[in-house]
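Protein chains: 2
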Amino acid sequence: MGGELRQRHLRTQRRLRARAHRCRARDDPRAGHDPVRHDAFARAGLQLGPVSRFGQREQICLRASSGQEGRLVHLHAQRRWRERGERRVAPAASLSGVGPIGPIPIPRAGERATGTFTFAGDPGLEKYDWPYIALAGQVAGPTVLITAGIHAAEYTGIEAAIRLGRTIRPDSVRGTVVIIPVLNRPGFYERSIYVNPEDGDNLNRLFPGKADGSWGERFAHRLLTEIVTRCDHAIDRHAGDLVEDLVPFVIYRETGDPTRDAVIVRMANAYGAAWAVKSAPTGERPGSLYAVATLAGVAAILAESGGRGLLIEEDVERHVRGVTNILKTLGVLSGRVDAKAPTIVKSFDWVRSPVAGMFHCRVRVGQSVKARDLIGDVTDLVGEPIAAITAPVSGVVLFTVTSPAIKKDGLLLAIGAL
Amino acid sequence: MGGELRQRHLRTQRRLRARAHRCRARDDPRAGHDPVRHDAFARAGLQLGPVSRFGQREQICLRASSGQEGRLVHLHAQRRWRERGERRVAPAASLSGVGPIGPIPIPRAGERATGTFTFAGDPGLEKYDWPYIALAGQVAGPTVLITAGIHAAEYTGIEAAIRLGRTIRPDSVRGTVVIIPVLNRPGFYERSIYVNPEDGDNLNRLFPGKADGSWGERFAHRLLTEIVTRCDHAIDRHAGDLVEDLVPFVIYRETGDPTRDAVIVRMANAYGAAWAVKSAPTGERPGSLYAVATLAGVAAILAESGGRGLLIEEDVERHVRGVTNILKTLGVLSGRVDAKAPTIVKSFDWVRSPVAGMFHCRVRVGQSVKARDLIGDVTDLVGEPIAAITAPVSGVVLFTVTSPAIKKDGLLLAIGAL
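Protein chains in written order, with my numbering: chain A, 1 to 418; chain L, 1 to 418.
Hints listed in this document are in silico derivations from the structure and should not be mistaken for laboratory results.
Be a bit skeptical, because a hint or two may be false.
According to the in silico footprint, chain L covers these stretches of chain A (three or more CB under 8 Å from chain L) [what the hints assert, rightly or not]:
hint: 1; region: 126–137
hint: 2; region: 147–156
hint: 3; region: 162–169
hint: 4; region: 181–189
hint: 5; region: 201–212
hint: 6; region: 298–312
hint: 7; region: 377–388
The beta carbon of each residue, even a glycine, is placed where N, CA and C say it ideally should be.
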């Protein structure tokens, strides 16, 4: 680069750096990628490019609205992270008095740690790493586990888990919060519907799992024994899957222990959904994480918001607000909870198709139906009607399958009986 | 059943039958399952249950709003179908002067035939049957092929194909219309995204196929040689896939033959989409059905409407209206075409992700963007920004990927350059 050209380039770089540092988000330029904070950079007339990492050093590309381009080299990332109470830590290292929760390290009191963990010693599981965010409060309190993505395409739960992990201030926490945003790691990038592609099983039907079982059974066993049962409370976030729509609801299971059941009901009520499913003690759909965790002594619930594989902000925000309310109810965060208790449905009736064909759903989620109402029909692939679908009970439509491609005995929708 | 009870039951049955026969849809009680015609039964206070078939006899369950139940036995299905110009025919039988189109039988002039066909002699292909609807006009004219579902979860095209097949009156047709609603039969009930589960390939990249190739290559070869090239015109209906949203557009390829190109442009203009992609003669995405059909002498286009695996009525209706307009333009149906010609984009730029992660799209389909605008970002699974996505060209966003789960080099969105 010639002398004058180089001088001009350096001047441009200096100007861009100065403008970036004037932004409100100056404590971490990467925060500019967050939708909320991006405004600060936009107001300064700057667009952010990709972040590159070279050991301790980070570089972020900048482009001014004038078309000028430059780089902001961020040399002090480690120090600044520490100032923000955030730090990347090596797996299996413990930094706080709490000690690691299985393979997940917990940072020092008042800090946040993010990273990945795996289940060591099992070659099948070790192929994957799982993301985590751990928040260690400065005051002793309960340990709360927040999970999502046990069904890999239920994205609102995943996004909300990540958002909570980044926005809760560790110094505002009483106790410890451990967040695993994506449980079904094999299925995430495959966009698997319902199942885990390692063995084709629904991970949320396999708990408590088996130490020497299939991939999913071994995962369930180790997640439950090494992480879930080390926590006092667990919230498993779901959504309608890639082919499902739903109205927000919570599911929980009572144990017969009045003290624990009271805590579970308080958690469910704090989420703020209109509907709740109280699963039968026998369990129609056995092997769910929340249900088995409850039986193992953890106060656990499942919460549903969103669906169809879409990151709709309202659905993400409902999960964030609902879990924040639960954390307040448990005293992990401070603040007032303003949520109405849900209506508990009498049963959770899943309607299946007697034939394979194209399903035309005639009801919407949240709609009231009466027993024997026509709620949809199935045609063959040239449009001949082959089955009329009627409501088995009176109640509210809690979820519908949005894909019209239905196998024989395939799931169509579910009604919460009233 | 006791004497009096039986008499009461028979009276109920008679009343229900009489009311059903008063319905507008009396020519075929199964038509009551069609959304449009269901109203006739609803007005009569009747709900339809499943249809059962026993040889020539059909039974349909009825329920009156009073709660009474009965059965309507429909003994004369064959005769009535014939009256409506509709008839199920055995595969490979030819009923009209046109002769079968490969494995698809064509009915007598002025009739409609529906059924399934297969590709005989290939055990891999013969595992499946494909639905078809064939309409033989009473006046000679061109043969038009309407296909959908080459991507199995693009449901609006499938639904629109079936609807056209059931609603176009054969006696209003000049020439022959052959409809195959679902090309990717292996993927349909599996809800496969992009690919065919028999070999994991995208069927719309495999044409002209190979006689002795993979499942998809053999399917492409036989579809092209036995059916597509026997037609004068072909319209392949698409939508955004299960994880895509899009603004309606058409794609076509010119051949250099002015007469055929003029027909193709008239077809594309008649569809009524706002945007058109004219693919380069070299073909950036080779092996598409419409493009290879065009090179083989068939005037073919591809039309996109809808997406996200949703049967949104507006998107289905756009396909029905668009193809009806094309049939009018070709003189196969009579009537005036009222469609505005689309704006042709300069290029069709697919944007991919430099990294694996969670994609947050910052633009909507149909939105105008300028080159180098920030159009999205990718974070890792704990929310750290790892890439900013910028527009490679100025233009209109034609489709976006709605799933945030993106592999390295995974598709994010496409821009039609302006």
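Status of the hints after comparison with the structure:
1. 126–137: Result for this restraint: holds, n = 3.
2. 147–156: Coverage by chain L holds here, the residue count being 3 at a Cβ distance below 8 Å.
3. 162–169: holds (count 4)
4. 181–189: It holds: at least three residues are needed, and the region 181–189 of chain A offers 4 whose Cβ sits within less than 8 Å of chain L.
5. 201–212: With 0 residues close enough to chain L, the hint is violated.
6. 298–312: holds (count 4)
7. 377–388: The restraint on the region 377–388 of chain A holds, since 11 of its residues have a Cβ under 8 Å from chain L and three suffice.
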